[in-house]
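Peer 1: Now for the letters of each chain:
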Amino acid sequence: MSASISFDKERNILKIGNQPVVLHCHHYNMFLQQSISDLIGDEKARTLQISAAHRVISRLYESIRVNYSDPEQILTLGSETFKKLGYGIIDFSKVSASGGKILLPMSHYAFNWFEKFGPAKKGVCLFAMGFALATMNKAFGTSFDSTDIRETQCRAMNPEEYEYCIIEVGKNGN
Amino acid sequence: MAIDEDIIIESVQQLGLEGGENGLILEFGVALTYGFADYYAELEYEAERLFQEETEDELVRQAARELFIEAGHVCGFNTLGGIMESEAWEAVVMPMIEKQEDWIRGIIAVINALGWGRYEIVELIPGEKLVVQVINSYECRHYLEHYGTDAESAKCYLSLGVLSSIMNLIYEGKIVEKPELTETFYHQLFKENKKFVARSISCRAKGDHVCRIEVSKID
Ligand SMILES: [Zn+2]
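So the sequence lines, in the order shown, correspond to chains A and B. Heads up: the first sequence begins at 1 in the numbering used here, then just goes up one per residue. Heads up: the second sequence begins at 1 in the numbering used here, then just goes up one per residue.
If you are wondering where the hints come from, they were derived from the structure by calculation, not from laboratory data. Each residue gets a CB set at the ideal place from its N, CA and C atoms; glycine is no exception. Be aware that a few hints might be false.
To be verified - Per the computed footprint, the stretches of chain A lying under chain B, defined by three or more beta-carbons under 8 Å from a beta-carbon of chain B, are: (1) 18-25; (2) 34-42; (3) 46-52; (4) 79-86; (5) 106-118.
Claimed, not checked - Taking lysine-lysine pairs in the BS3-like style, the calculated list, with each CA pair at most 25 Å apart, reads: (6) B:Lys174 x B:Lys99; (7) B:Lys191 x A:Lys116; (8) A:Lys116 x B:Lys194; (9) B:Lys99 x B:Lys178; (10) A:Lys44 x A:Lys116; (11) B:Lys217 x B:Lys178; (12) B:Lys178 x A:Lys116; (13) B:Lys178 x B:Lys194; (14) B:Lys129 x B:Lys178.
Work out the full structure: start from the sequences and follow the hints.
Peer 2: And the structure:
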């Protein structure tokens, strides 16, 4: 189950749900993410990217027909959409309404960051964090915010050692 | 046979670009994502706004804008370069190409399948100049919605970077010979021997009714 991507031939716009999407490559994605940090510093850049991702994904869920009383359905919708759009594999099987660990055995950002720039100093899966947060909030009717989420392990830092990226959601990441 | 944009767009759609088993879209030598238009645009303009709070110096502010335009070079070089060297290009676009400038018409047709908005060639002088109007660019649409129409400078950063990269790739980078798209080649083409630059003629974010970009040779 995932939302379908449609093409508006008149205006040359791609959409998923009500959200316009654009095809971009990993070189652009990595370069842009690095540039945002260069311009406004790491901390502000992280907050901006997580919250911007949270906003677009929340709006996406508002526009897709799904049984919102079943958290399972929304988590499945989330991981299948994430995969379809090319962001990798995100596994919500270890989360509940009080939070928990989200695993990413494959992450577009982590994989390509390491390929392009070498080992990262911090986690780079900022879009995935905002995506995960919006999905959890929708699934459980919670209001976790970006202070409740951390990437405690990112494959971009050491892909040999880490099998997954791990995103933890809960009060202060607990 | 001239470039047929409808056929090209249809062919891109028939590729059925979607994350595979591992959730990645590996195509044209790159990993693609369907990025959210308003995500990218918010990053650009909010980062620019926050950056501008730190400095009044117009030269420094311009350097920030140049960074976003460079992101467009990176995108054009890797994605569009990768597409022009792909088997799909060989199969679908090459048979339509009669002269060198058809490469430009062909790649603009591909762009029109990527969701970036509608790119239309207004003027093309082979090897010299390219003028394109961009209708409904996702950058400027977002800018208008969130910041209004009195931008101090053009906001179509991606389009500026991408359009100059097309001219540089085709006329300077000799993409027809399928060079390897390495970091070194990127630096040669966009840092050391850059021959084409883009400038904004009009921009919706500045209150104009269309975004228009001219790419011309550096004297
Ligand atoms: Zn990661």
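Peer 1: Now tell me if each hint is right for this structure.
Peer 2: Results for each hint:
no., hint, in the structure
1, 18-25, "holds (count 7)"
2, 34-42, "holds (count 5)"
3, 46-52, "holds (count 3)"
4, 79-86, "holds (count 5)"
5, 106-118, "holds (count 4)"
6, B:Lys174 x B:Lys99, "holds (14 Å)"
7, B:Lys191 x A:Lys116, "holds (19 Å)"
8, A:Lys116 x B:Lys194, "holds (23 Å)"
9, B:Lys99 x B:Lys178, "holds (17 Å)"
10, A:Lys44 x A:Lys116, "holds (23 Å)"
11, B:Lys217 x B:Lys178, "holds (23 Å)"
12, B:Lys178 x A:Lys116, "holds (21 Å)"
13, B:Lys178 x B:Lys194, "holds (19 Å)"
14, B:Lys129 x B:Lys178, "holds (23 Å)"
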